[in-house]
Structure formats: structure tokens, C-alpha cells
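> Take the two lone chains and join them into the complex the hints point to.
Those protein sequences? They're chains A and B, same order as listed.
Be aware that the first sequence starts at 1, since it is given in our numbering, and climbs by one per residue.
Be aware that the second sequence starts at 1, since it is given in our numbering, and climbs by one per residue.
What the hints contain is simulated information worked out from the structure, not anything from laboratory work.
Check each hint, because a few of them may be wrong.
Unchecked claim - Here are a few chain B residues that face chain A, going by a calculated C-beta distance under 7 Å:
1) T687
2) I690
3) K774
As the list claims (entries may be wrong) - Stretches of chain B that chain A covers, calculated by requiring three or more beta carbons in the stretch to come under 8 Å of a beta carbon on chain A:
4) 585-591
5) 759-772
Backbone N, C-alpha and C fix where the C-beta goes; we use that ideal spot for every residue, glycine too.
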Amino acid sequence: MMRYLLPFILLIFISACDRQVIIDLGTPPHRLALSCTLDADSFITVFVNKSVSSLDKYGPIAVTHAHVYLYEDDILLDTMNHGYAGYYKFNIKPQAGKSYSIGCVYEQFDSIYAHTSLPYPIAIIEARMDTNAFMSENQEKVNLKITFSDPGYESNYYLIKLFYRDSVNDYNYDEHITSSDPLFDEGDFLAFDDLTFNGKTRTISFTMSKPDFQFQQVNHFVFELHHLNYDAYRFVRTFEHYMNNYDNPFSEPVQVFSNVSSKMGQFSGRAVTVKSLTP
Amino acid sequence: MRLYLVLIFTFICSFALAQSHTISGYISDAKTGERLIGANVYEPSLKNGTTTNTYGFYSITLTVKDSVRLLVSYVGYQSQIVRLLLQKDEVLDLNLQPSVTLNEVLITSSRSEQIQDRTQMSRIDLPMEKLKSIPMFMGETDILKAIQLLPGVQSGGEGSSGLYVRGGGPDQNLILLDGAPVYNVSHLFGFFSVFNSDAIKNVTLYTGGFPARYGGRLSSVIDITMKEGNMKKMSGSAGIGLVASRLMLEGPIKKDKGSFIVSARRTYIDLLLSPLIKLASDGEATTGYYFWDINAKANYILSPKDRIYLSLYGGRDRFYASTFYKYQSAGTEYSERNNFGIKWGNVTATTRWNHQFNKKLFANTSLLFSDFRFIIKADLNEATNDGFSKTTNSYILKYLSGINDQSIKTDFDYYAGSKHLLRFGAGYIYHTFTTGTIQYNYTQTNSASFDTSFGSKPVYSHEFYSYIEDDWQLSSLIKINPGIRWSGNVVQGKFFQMPEPRISVRYLLTEHSSIKASFVMMQQYLHLLSNSNIGLPTDLWVPATARIKPQRSWQPALGYSHSFKKNDQDFEFTTEVYYKEMHNLIDYLGGANFINTAESWENKVDAGKGWSYGVEFFLQKKTGRLSGWIGYTLSYSRRRFPNINFNETFPYKYDRRHDIEIVLERKVNDKFSLGITWVFGTGNAITLPIAQYNAPQNPYALANGLESYYSNTIEYYGGKNAFRMKPYHRLDLGLNWSGGKHKRKDQLNISFYNAYSRLNPYFYYIGYDRYGNKQVRSLSLFPIIPSISYSISF
Chain A
1 MMRYLLPFIL
11 LIFISACDRQ
21 VIIDLGTPPH
31 RLALSCTLDA
41 DSFITVFVNK
51 SVSSLDKYGP
61 IAVTHAHVYL
71 YEDDILLDTM
81 NHGYAGYYKF
91 NIKPQAGKSY
101 SIGCVYEQFD
111 SIYAHTSLPY
121 PIAIIEARMD
131 TNAFMSENQE
141 KVNLKITFSD
151 PGYESNYYLI
161 KLFYRDSVND
171 YNYDEHITSS
181 DPLFDEGDFL
191 AFDDLTFNGK
201 TRTISFTMSK
211 PDFQFQQVNH
221 FVFELHHLNY
231 DAYRFVRTFE
241 HYMNNYDNPF
251 SEPVQVFSNV
261 SSKMGQFSGR
271 AVTVKSLTP
Chain B
1 MRLYLVLIFT
11 FICSFALAQS
21 HTISGYISDA
31 KTGERLIGAN
41 VYEPSLKNGT
51 TTNTYGFYSI
61 TLTVKDSVRL
71 LVSYVGYQSQ
81 IVRLLLQKDE
91 VLDLNLQPSV
101 TLNEVLITSS
111 RSEQIQDRTQ
121 MSRIDLPMEK
131 LKSIPMFMGE
141 TDILKAIQLL
151 PGVQSGGEGS
161 SGLYVRGGGP
171 DQNLILLDGA
181 PVYNVSHLFG
191 FFSVFNSDAI
201 KNVTLYTGGF
211 PARYGGRLSS
221 VIDITMKEGN
231 MKKMSGSAGI
241 GLVASRLMLE
251 GPIKKDKGSF
261 IVSARRTYID
271 LLLSPLIKLA
281 SDGEATTGYY
291 FWDINAKANY
301 ILSPKDRIYL
311 SLYGGRDRFY
321 ASTFYKYQSA
331 GTEYSERNNF
341 GIKWGNVTAT
351 TRWNHQFNKK
361 LFANTSLLFS
371 DFRFIIKADL
381 NEATNDGFSK
391 TTNSYILKYL
401 SGINDQSIKT
411 DFDYYAGSKH
421 LLRFGAGYIY
431 HTFTTGTIQY
441 NYTQTNSASF
451 DTSFGSKPVY
461 SHEFYSYIED
471 DWQLSSLIKI
481 NPGIRWSGNV
491 VQGKFFQMPE
501 PRISVRYLLT
511 EHSSIKASFV
521 MMQQYLHLLS
531 NSNIGLPTDL
541 WVPATARIKP
551 QRSWQPALGY
561 SHSFKKNDQD
571 FEFTTEVYYK
581 EMHNLIDYLG
591 GANFINTAES
601 WENKVDAGKG
611 WSYGVEFFLQ
621 KKTGRLSGWI
631 GYTLSYSRRR
641 FPNINFNETF
651 PYKYDRRHDI
661 EIVLERKVND
671 KFSLGITWVF
681 GTGNAITLPI
691 AQYNAPQNPY
701 ALANGLESYY
711 SNTIEYYGGK
721 NAFRMKPYHR
731 LDLGLNWSGG
741 KHKRKDQLNI
751 SFYNAYSRLN
761 PYFYYIGYDR
771 YGNKQVRSLS
781 LFPIIPSISY
791 SISF
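Pulled out of the complex, with its shape left as it was, chain B reads as follows (with noise of 0.2 Å):
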């Protein structure tokens, strides 16, 4: 009880501030107008400073003296040091000026907020102009290839954009675009991702530590904030890749009030393929693939408090194929029309509105939509013609699966003193879940038609939550984030609900290292029933419901941070130790089909318990000539389900022992860099007979099954994903160039993707030589791809 006491004393006192004044405004980049995001604000003397929300906006309190000194920073921005005479509470906005190169980014006479100085553990900031560096895939930057380049977190296999963040499924990041969550994030099977990264401006990963604003997810959260747009002048840019184009417009609505960004992009896959299929066909066939996304921005100030958002997303991948036959016989005339598509995308939209109540206060309310749907659509037009009557026959068949939210949620910052920033907020989810129906028509010539649907019904669910926490600076030396998320959810007439505490502690041991600690529990109101690997949009999101529990985990984490100077260039170390539990995950049973959809989904999963612990170090050069990163996890994941495996514990498929990335940009010069990154990883665990043995042939017939001879052969698997495939290492090298005269800039890459052509195993199959022998055979995706994509910003 004392110590409760003196806790809650202490808090008490930490607001009560003699003689401090506030200083607020927001942090804007000078060129553009845009608000930066996770700008420093320090005063060095007073070892106090504070970043940028979202918005841009920050608030210190400061206790008083003759001056301040305010360090303001940003990666990729000239620092500004502002002094000024505090002695009443100020309203200081500030344009930092973009540095030509990164090396530029020295500060040299004092420091900012470094990484040992932060509450928050298992955080990476990801600058968009660094990613622009990484060698790229096909021409594309692709901002979640690049966040598996990123310590804790792994991909799925070649070329896929799937996140597995410390042992955790896909369906257990919450990736966020302007606050909507996105559901689907590839395009093209998962080799690349929906983010186009002309429209962002930029990338948060937490894998751990989560702060209590954060939930409905049990693994991470990558916040992607889009662009604002040019609030100063008309530019854009244009880029050309081998298989997409893409265009970004951005400009002011009203100079300095208000902005706006279009960014497009479209491949061309089908439009080069199309005609050689038909004509291979003789114009009796046609088939193709392609993908589209649209982001849009607009924002507005409607007074010095005031400012709305308004962003759109929009993407859709389609497959289709077509054929027409038509022949004659004995007088009649056949015809037939077959038609297939599968297309499937998201769309999000986001409407915002930030006030600032005073100095301290700071509010944002959001209205969101996020709908992501897959379609397949099947349909066979017959036509007979004997010249005295007609006769059609049509079959239509539609599966539809898909999951919709519409939300609302109000965050409050409140920079309540010198020691304290709250958050606190509450929202609402309205979940329509449509997991597998069918539609079948069909209608005959003077005949009953038959139109029905079937398959499952749409499922509702209301998830709410609030959420209050506190990033205190107890003392010189320690700084805590404590908070308490609290979310519910009714489904099907079945109310679940967890309190989630959270908890992270950071104790400075030098001026330049600190330790971390921190402590989760999440909860997850939905699942992804997946058995593909390769990024399928037939991955089903599904509720949790009466029988298949919400998804649960707690994870500790204790870290190490360290921030140091060589040669006067800024390196940063991390090193993090994590466990995770986590329950009611679900996998499909043995033998579970996901294509039928006459069963339940309910009844093809199984219900168990996963965990998965490690220990991930990450090294980072941040200026000079060189600079990059080296990361390094050693992990394991585990799973145990009671249905499957035989109740024994087993791997999980991406269980992996040893990930290693390293990624560097080397600047050559002011027109050239090389980008260089290579990565390994163990390989996947699967699922593989390795050996067979024989059964009676009916083993449940009566005289032990033994009327006949015959047997049956049973394969041994040696237990679920007992068989490690073949390890992942690629290497990739990419060129850029840089140039252009007055306001233009022209940009060229040149990549090589898997340089030293690796063959890295996609999955195992068996298969036999011409002998009749049976073979295990590793199929290969992509050797070594040269790509060359061009870009001119205006």
C-alpha cells in the first residue's frame, strides 16, 4: 500500500510545475509545407525535449531560465537551433529545410533525441528516402519488402510481401494507411506490396512494446501516413518500370491553407501479353492479369486550430480469361462463351479532423472505411441455332468472400508538463465479415431459371476500445510509458472483452545507452484462415466467435540501446530479448480443404497455443558516405494444437533460426549511389513424407480387415513441418542515378535482383524422373532479375 502511495504521490507532483512555460506549434518541412512527423524538439541544458505526433504538431513545457536553446532535427533536414527568452508560453512553428544529401544531417555541436533517450523499445522509423536506396524488386520500391529487411521481422518466401514478425502469423500486423487498416497488402500473389510508396510519407514498425493506442493485433503495427501534398507549389513525378507506370500530382488547393496528392499506378502485364495470346489462340482465347492503385490526399486548415484530411485508397488485382467457340453441324449452329475472372482490393478512406484545444491539448477524430473483397466469377454462355428456333443455356457462378469496417475513434495528446504527454482515446469498429458465399444462376430458353445463393452468411461484429497512457519522465535517468487499452467485442450474441496493460521502462545508463524493458498483452478479435504460401487472396479473414476464441498475447521484451560516434558518424545499436505467448490461434485440421465451402469454416480449424521467443540485434550507420544496417535475429516459434500434430508441439512453418540482413548505400558521388543488400535465412519448416509403411486395406472391417491382401500405404511426415527446407540467401544490387537541371530531377535505378542467382527453394513437391523414380524437387522462382525503372520529379 505505501508504495502505491508514494507512486501516486509522485505522479501527482510531477504535474504540479513552478515556473515553466509551454512552448507549441508544429514542425514543417520548408519547401513543401508539409508536416513532418517524429521531428525532435530538444533542449539540450535541460535534457527535455519532445517529438512531433502525426500531424506535426508538439508541445514542451520547460521550467524557466534567461534562454532556451531548442534543437530541432529530422533525418534527411538541415537542424535549426532556436534560442529564445521564455517567459511567457510561445507559439514557435518551424520550416526545416530538406539536406541534399543525407551526410549533410551532422549535428555535431549538440544532440537531439537519440535513441537511448526514447520510452518506447522495438520501434524502427523508416525515412522514405531510404528506401528509395534498397535495390528494388522488378523497378518497384516496395515499402513492406523493405521493413522484412528489418530485424524480428521475416518474409514468407521468394519474392513474397508477407510479414511474419516475431513468430507471429500474417493476420497479426496491423497496417495501418492513414489510420485505416488495410486487410490485403499484395498485389500479384504477394510480389508486391499495395503501398506505392510515390503517395507515402512515412513508415513506423512496432514489434514489440506496443503503446496502449495501438491494438486489435497480437504482432506489430506498421503506421503508414501518406502525403499531404505541395501546400507551396504545382509538382509531381512520373515513373517507368518493366511492369508498371505510375504518376503523382500534388499541389496546393489554396497556397500555405491547403493541399492536395494524387499518385496512380497500373502495370502492363496483359496489355503486352494480351495479343500474342490471342493470337496463339487464332482470337479464340483471352487471358491476363494486371493491377491498379490510386492514393488520394487532400487537406485543409480551416483555422489556426483547425485542419481536416481527407485520403482515399483504392487497388484491385484481376485475372481473367475468356474463350468463344463456334462451329456448325448437320445445320445447327453451337456456339459457346466461357468467361472467368477473379478479382479482388481494397478500398480506404479516411476523413479526419484535428483541433487544438490549447498549447497542450491536441485532438483527432477520425471517421474510417476499409473494405477488402475477393471475387471469383465464372460464367458459360450456350447458344444453339437450327434455324428455327434459338436455345441459350447461362451458368453464372460468384464466390465472394471479403471482410468491411467502418469506424470512428478520438485521440487526445495532452502534453500535460515537462514530465508527461498523455494519450487517451476511445473508437468503435463495426465489422462485416463475408467468409465464403456463393451465388449460381441459372437460366435456359423456355425453361425455369435457378438462381440461389449458398455458402456462409455474413457475420457482424462491434469491437470498441479506449485507451489511456502516459510517457512520464520519472527522473533524469528513467522514463516509463504505462497504459491500459481496454476492448470488447459482441459477436453472434457472445461478448468478449480484455483489459490489455502495457508497460515500457527506459533507464539512461550513460548519456548515450540505455536499457529498455516492456510488457504487453493484446488482444485480436479476428483471424486469417490461410493454408497457401504464396500470398493467395483466398486467405479468409474470419470473426472470432463463440467456438473459435479471440485471439491472446502477452510479451515481455528487454532491450538494449546504444548510440555512439566514429570518425563523426552516427551509428545507433539495438539489441532486444522477447518471449511471446499466444492463444487461441487457429490452423487448419489435417486434411482440411479450404476450397470447400460447404463446411463451415468453424469446423476445418483447430484452436491452440503458439510462442515464440529470440534475441534480435541491429546495427545502424545513419550519416556519412556509407550508411545502411546490419541486423541479425535468432528466434524460435513454436505451436501446439490438440487436433493437430497429435497434441505434440511443432514448428512453425516460419520458424526461423537464423535471419540475417544487411543493407547498405554507398554514395559515390552527388549523382551516383549503390545500393547493396543481402539476406539469409533459415529455411522454412514443411510438411514431407519421408517414409511409408502399410495399413490393412480396410481397417475398419470386421475380421480385422483381413479379407483380402491388400494393403494400403500410409506416408510418414515425422510430424507437422518436421522437414526444413533448403536456406534463403539472396543477394541484391542496385544503382542509382540522380540528375536533371533546374526544377527537374531525373532519377534512374538499375537493380539485380538475387545478383548471384541463387536458386531458393519456393516449395517442395514430388515428383518422378522418366524412370518411373520418385523425386523430391525444390522449385525456384527467380533467378537473377536485371530491372531498370525511370522516374523525373517536376
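So here's chain A without its partners, still in its complex pose (with noise of 0.2 Å):
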């Protein structure tokens, strides 16, 4: 649709008087951005760099000689003051249902701080991919589905992703995954509330293009569980849109969460949940 009405906007353009004016921003806020998303099984770490203006040719910068401070139910865990490129890994892995602060303190920058918390991790009851394939849009495509169980009286947040495993070169690809629930998009992964299954237990079904099991370095899938807080799932929903929108005349701009006090950055929380796929 878009190149149909592509010639009839810029009509509008042509045939308007184009006269332009260079537009003087204002000084931009030179702040901290800070990332971390907190993983059960992982080390901590933090990603800090310094914003500029949205015309700067170059880009934002890493900050390495940042003092992060990390705290755990208020109470000071450890700190960084130098980071490789940007990103400062505390050898401390997060706990399911603590709460964490960081704060970062750089030169002349006005420090920033965010606080977050852990969820716990859901169980995938079963996961399962289907071997019969079936045609579908001239593709050949397989069923699959994941059954968890929802905690009840909370909102609860998830992100679902599915990707195959290349163990020759230690990679892994994101699959493409459709529901055919109408809750859900479609995507490299899918993120949803539990707004129509508060405390129950769910199965939801996917299809997903039939991989070539002939294909040698294709050893096995993984289905990953994302338990999410509301910070993450509010930081995934929007970053998404960010990326797919960007550079879109036709979409609204998009902004990405922050919880971040510089708004700048995130700092969330996550209990991932793995299931192995064997062929």
C-alpha cells in the first residue's frame, strides 16, 4: 500500500515550495545511559556509555572509568570503576525475588540510579514440536507448543523465543515464530501479559518454518521461558517497536522505556526457563 500512496504525498512536496531552514536543537542533554537486565544465572553486568545530540556524526561514546555501585535489598553488593568498552561485569549473580539498585557516577555528568527486582522462574510444564510438517503460504511448517503455568493475583510478564543451535560454531539463530492465537504477533520472539490467563495454566501453539534436520550443525532447538518484570517487559514491547519503526515517515515515533533517572537506558529483570528440542 505504502508505494501507492508514496506518489500521492510527495505530490504534496513537489509540488509545494520546497524551502529549507536549518533548525538549531538547542544544546542537547549530555547525560549517562545505563543497561542491565538481570539474569538468575548470570553476572551482573552493566553497559554505560554518554548520550549526544541526536545530529552528533559519531554516535555515543562508552564510558570505561565510571564508579558503578551495585546494591541488593539496599544494602551495597560491590563496585566498578573500570569497564572494557562500556560494560562492567560484577562477578555477583542476581537472586529471584531480591530487589537491586545501581547508581553511576561519571566526571561532571549528573549521576544516575535505577532500581529493579528478580522474578522468579516459571516452569515449562512441556515442549513440544510436532515432526509432521504441513504446508502453509508455500512453506513447509511444523507446530509447536509450550505449556507453563501462570502465578495468580500478580500481573505477570513473559517473552517466548525459539532458536536452533549451531554447537560447531557456538552460535545460535533466532527462529521466526507465528501464533495463530490472535493474542500474539509474530516475530523472533513474542511478548505478552497474562491478562487473559491471570493463574492458570496456558499452552500456546506456534508454527514456525520445518528446519532442514538433514543440515548437520542443526543439533537441537531451545525454547526459552522469559519470565519477565514489568520493567523488562515494558523495556522489550517498546525497544521492539523502536527497531521495527525506525525510519518509518508513516509510523509514530516510538520512545523507549526508561526507568532510568537520566531516562536513559533500563534496568530490568528477568527469570529465564530452557527447554531443549532434540530432533
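In C-alpha cells form, the structure reads like this:
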């Protein structure tokens, strides 16, 4: 549709008197940005960089000598003063059910801070891949199912991913998955909330292109069920929209979620449950 | 309880009139027989007055005196003073003579009903003659652009016909053409309005204090009445301008019994450009754009108490492009024909029957039809001929959206006594919404064809309402207009309803000044999905649904009106303070793409709240060689949506802190007049990236997405609509010359739009200079645009 509409809209600009004036954006906010997603089974890594004007040709700059403070339930766990390429790796794994805070101080910049918590993992009751393929949209596809139980009395947020493991090259390839369930979208992952199944056991069905089992490097598929906290969910949704619509003149600008005091970056938590599927 | 009893008693007593008689009739233009809307009929000694309704009817009940003196006046006409002995009910039809120049409308001996006398606040009547003296854009008198020059009303941007009233959206304006709603009011992407001034008699704008007879929108009512046609003789006018020409004919069907008017307009940009485009493309391509519209109206007086009207409006915009290629290769002939077209437009039809039951009760019943359609059609035909066989492929893609209304309503005016004018009525509207349907057809020689429709299915809704209001003179100082409207809507098995109380109060401070207050609640059962800022017809009308509820608002306002004379010239001054709160507004979610028809519109929007408040000042000089007005509005308008801008409030795009309009007309002599317009507005609020920062490349991957040290750059906007465009200001100049001999009247208009060629921003975007450096650039549409138009009336 866009290719048909485009000449129509262009007509306005072609026929208009196109006179351009350069606008001064004013002094851009120079702030620290921070990104960190807590995983129960991973060491905490914080990425720090400093913002630049949106017109800057060279882009944001990583901050390698900031003071980064990490708190667990308001108790200081550790500090770091150096991060390679802006990544500050703490030798600490977060624990489910606890709350965390990060503070970051660097030179003349305003110090920044953020709070979040780590949710508990959700067990995958069943993950299954049908071996019988079927045709859809001129492609051979297979059905997948994942079943899990949602905790009641609270709002929960999820992300489901599927990838196949190339053990030869030690690399994960994301699979494009589509759900026939109208509640879900399609893409390399599905993010959703439990509004329609709060406190219930839920089975979600997907389809994916039939894998080439003869292809030696495909030795197994991996299902990931991410139990996100609300910060992570909001970040994932807005980040996805942002990436999908970047530079699209027909879409509304997307503001990526931030819970960092500088309004740049995110600090969130998730607990990931993994299930392998061997063809 | 006691208070209620006193009020009820007062109400009943106010109907009980001893020794009173009623004068009723119609007021018309003496030259054409056109009924005059809103003409004043005033008895100065009793301080009692009324105005004619939309059909020129009035009724006034006066307590018996030896004689009464009625002052009948109307802007642009010579006032009449009629003395009569009032010993019984009288029927008095009056014809007013048009004044040669506006400054002849001087009323020195007495006064007619003036602005401070009216209960109604936030209402402005626009005389068509005044509009024609405003400098024109491209030589076309534009009603909506003139309305944008009034306080409380803002334009969307350069050249736009969009109206943003008191912080409301463009969908919140009820624009009625002879009672029928018009959904798309602009031609040429918003640069021209669909209303042809030649066919328009009267325009009334309400920005608040809405009487109960109006409803269905939150922010404004623009009630446009078409001319009826000359009852006395055939006449007409024709005009030629830079982009369009027009012709209007009117005359009696039967003298003093019935009349008709037909007016049509068409642009000729396509006719001028098409040969050039064909020449440039070696005859392989054609493209063009044009619009036309036609207004027609007929009326007939069946009896002294009955009259029927039929009004029609049709208009279309069409953009088209086509290419044709033919070539040969290896003995095979290939050809390809592409056609692409976009067309949109309105059709409205109104049938009305006026019936006067008696001297006090007047009724009008209307059957209304309104249809807006937007169609994109693209087709591709390929043919291959190798001498032995011929193969053809045909692809047709059609996108359709629109709204269709069929309705019936009856309105009554009951002049209950000297102190009451009751209006009541009811109506029903059947809406059909086409919210984006795609039809796709594919045929191939000797192959299966494919024909399917997808996208949204039409949605049907039933809207009904009833209302009652009373213009009630409580005392010589206090006048009120209480009313209530009840409306309901059935859509997708869901029923919405809401009582909408309305009240306006006027308290006369002195003979020349009054304070006014009003409170209204409004409900709107449709929304407009719009993320274009340039009046694109792709904006989609959608119904309130179980998920997206009807829009609601409430608005109190307080005002002061004062009329005064200085050097024998009439001035009016009003100021109003308002607060408006709106609920269930919709806006696109971040990342929503309005072209994506695969996804339901309900999934692309969020419902939230808006509020606006401000103060308006309006000083008008109505008579004299120099006339015009100065308007100033200080306003704030904000929005809040749970899923937009992280549930934080943000300014509405058209949150305009300061808005100034100066409109002046200077009559140089009987032939020449000079029009000057200057406008200033705070820049629109837009969303623009002001900074950028990095995030890990794949933040949802395990191990914190740090399997790679590449990163994604995220733009930081500082909030939705956090950036202000540069202020808008513009000066327009117009020179009008009128002359002619005998019955012919010639008019020449020379206008300069944007006389000092201000580079007003149309939109901002990020571009690159030749060194690859990013820049924010402002694109401006119109520098100084001179135009000339010529018209003759005969």
C-alpha cells in the first residue's frame, strides 16, 4: 500500500515550495545512559555510555571509567571503576525475589540510578515440536507448543524465544515464529502479559518453518521462557517497536522505555527457563 | 426542596401572560426574497426581543400597549422601525433592503439586540459579505480559513483547513451543511475548504455553551446554511481565479413561491500540467490532480405555513497517474499499463419540510444523507504476445474507507410567551463505517483468477437523541438557557448513552454589558484516526466500540460582553475563560503504522484523557470605513494516555500558548477596499529526537545480550511533543475593486498571501548536508503568493 500512497504524498511536497531552513536544536542533554538486564543465572553486567546530540555524526561514547555501585535489598554489594568498552561485569549473580539498585557516577555528569527486581523463574510444563510438517503460504511448517503455569494474584509478563543451536560454530540462530493465537504477534520472539490467563495453565501454539534436520549443524532447538518483570516487559515492547519502525515516515515516533533517572537506558530483571528440543 | 418549588413556580408563572399578543412572520431580503437568519426583532421600550430562526421565522409576544415599536435589523441591511397598534395577534412579514455599504447600518435612534443581550456565549456569526473582503488564498474565499481567524479556533498548519477548537481535535467539530454533517471538509490536502462561498448564506460558529439542539461532537459546531435562491428574478455570478473557476445561477421556480440555486467549481491544475507531463515523458505517462464541487438547492412554498427545501452537495478530489510501456524483444511484444488513482469526496443531501402549526409553534423535519468515501485504486495490466499466443495478467488493488450517515430529525421552536422560547426535538442517525477494506483481484489468461477482500468489515451503528431547551427571560437582567440532551448509540451489540445537561446564563450588568456563564456536557460516538498533519483523506473515521468508548467532555465557561460606541461607530468586546476536560480520546500508539491494514485499528490506538483551558479576547469594530476584529487567545491543551509517553502528560500537538488574529477592512471609497490580515501562533508541539544513547545489540538475548559488543543506538525524544516548532506568523493583503453598470456587478480581487514571505515551518525532518552531517531542517510551503480573481454578478 505504501508504494501506492507514496507518490500521492510526494505530490504535496513536489508541488509545494520546498524551502529548507536549518533549525537549532539547542544544547542537547549530555547524560549518562545505563543498560542492565538481571538474569538469575548470569553475572551482572552493566553497560554505561554517555549521550550525544541526535545530530552527532559519530554516536554515543562508551564510558570506561565510571563508578558503578550495585545494591541488593539496599545493601551495597560491590562497586566497579573500570568497564571494558563500557561493560562493567560484576562477579555476582542476582537472586530471584530480591530487589536491586544501580548507581553510576562519572565526571561532571549528573549521577544516575535505577531500581528493579528479579522475578522467579516459571517452569515449562511441556514443550513439544510436531514432526509432521504441513504446507502454509507455500512453505513447509511445523507446529510447536509450550505449556506453563501462570502464578495468580499478580500481573506477570513473558517472552518466548526459539532458536536452534549451531554447536559447530557455537552460535544461536533465532527462529521466526508465528502464533495462530490472535493474542500474539509474530517475530523472533513473542512478548505478552497474563491479562487473559492470570493464575491459569496456558498452552501457546506456534508455527515455524520446517527445519532442515539433515543439516548437520542443527543438533537441537532451544525454547526459552522469559519471566519478565514489568520494567523488562515495557522495555522489550517499546524497543521492539522502535527497531521495527525506525525511519518509517508513516509511523508514530516510538519512545523507548527507561526507568533510569536520566531517562536513558533500562534496568530490568528476568528469569529464564530453557528447554531443549532434539529433532 | 423549597428552592426547587420556587423555581418551578417561577417557571409556570412566567408562561402565564395577561394581556399579551403575538407578532409573528418571516423576515426576508427585499431584493431576492431570501429568508434572513438571525435577524433581530426588538421592542426597545419593553426590552423584549427575538431573532429569526434558520428559516427566517420569528415570533414575539408582547404585553399590550397602545402601540409597539419594533426595530428590525440585520447586518448589511437597512434597519426598519415598524409601529403598530397591538390589539390582536399579528402576522408581520418584513423585507429588509440591503445597504449599499456596511457603514450604513447605523442605528442611532435606538438599539437592536446586541451581543450582551444574548444568553448564548461562545458564538460568532460570520456574515458572508465580510468573509469576501478578507484577503484570499489563491483567489478563493474560504469559509474555514476565515473561521481560523477567530479566537479559540486554531489552524493545523500552513495552508490547512483543519480546525482545532479550544484544544479539541479536528474530529470534534460538527460541521453542518444545511443540517447534514460533512466529514471531510477540505480539498487539495487541506489547502481549500469544500464550501463554495457563492452558495453559502450564513455561517455560525459555536465554540462552547452549546445549546441542547446541537450534539454529537465535543468541541465546536459550525452551522452553514446554503442560499435559497433568488425568488424574484434570474441572476448569477461567475468567477475566475488562479486555480479554479466557478459559476452560480439562481432564480425563481415560480416567482415568490419557489426558487433554486446551482453553484459549481472546478480546478484546472491538471488541464494546465497534463500536456507538459505527457511531453516530458514521451507520451508514456500522465498524471494530474483536480477537484470539483457542486451545490444545489431548491425550495417551494406550499402554503403560508408549509415550505419544502431540497439541498444537495457533491464534491470530489482526484489524483491520478498512469504509465504505458511497449517494447519488443526476440520477436515477442511486451506491454504494461499502470493506472493509479486516489479519489475522495463527500455527498450530502437534505430534504426539509417547514411547518408552522400556529403563530407560536414552528417545526422542521429533515431527512439527511451524508457520505464520505476515500478510494485508492491501482491496477496493472501486462500483456505478452509472441505471435502465436497472447498472455495477459491483470492485478487490481482497491482500498476503500469512509462513513455514511442516513438520518431523520424533527425540530420544534415554540415561542411560549414573551419570556420563553422552547426548542425541542429528536433524531436518529444510521452510521455505516468502512474502516479500511482492501479488494484484490488477479486474473491471468488460461489460469485461475483470484478475487478476495480483506481488512476491516463495515461497522454499523444506530445513534438517537432527543433534546429540550428553553431560552428563558427570568427577569430584565437575567436570562438563562437551560437544556438537556439525551443521546444513545448501539454498536456491535453494545449500548452507550448519556444525558448531556447544558445551561447558559446571562446577567445584564448595564445596558451595554453583561456577564455570561455556561456549562455543557457532550458525548461523541465516533473518532477520527489521524496521524497525518496535512489533511490527508487517509484519516479514518471509526465508531466508538466496546473497547474504544465514546468521547465525552464537560466544559464550563465564563464571559463578559460589552458593546459600545465611539465616534458613532459600533464596537463589541467579549472575553471568555474556559476549561474543557475530554475523556476517551484516542491517539496512535508509538510505532503504529496507519497504512498497515492487516492489523485492526483498535490495536493501534490508546484511549486517554485531555484537558484544555484558556482565555479569549475578541474586539470587533462593526461599522465605519474601517471595520474588522482583533482576537487573542492564551491557551493550554494537554493529553494523557496510559500507553503513550509512559502515562505522563504531554502537550497536545496544537497546544498553542498564544494565538493572535488581526483582521481589518478599510473602505477607501465606493469602489475600492483594502483587506489586511495578520496572524501569529505559537509553534506546534512535535516529537523530535534531541539526543542519542546506546543499548546492547540484543537486549533480550541470554547473558545480557553481551555475546556481541555491537550496540544499538536509541534516539531520545525528551517526551512526546516535547519540541516546539518556530512560531507561525503571516500577513495577508487584499485589494478589492467593485464596479459595473446597471445590473452587472464586477469584482476584482488582488491578494498577497504571506506578504512578507515569512518561512513558516510546515514540518521538521532530519537530513544531511553534503559532508554527511545531520541537520534538523524545516520545510516551508508558501512564500509570498500573489493571486488575482475576477468575478461578475448579473
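> Hints the structure violates: just list their numbers, smallest first.
none
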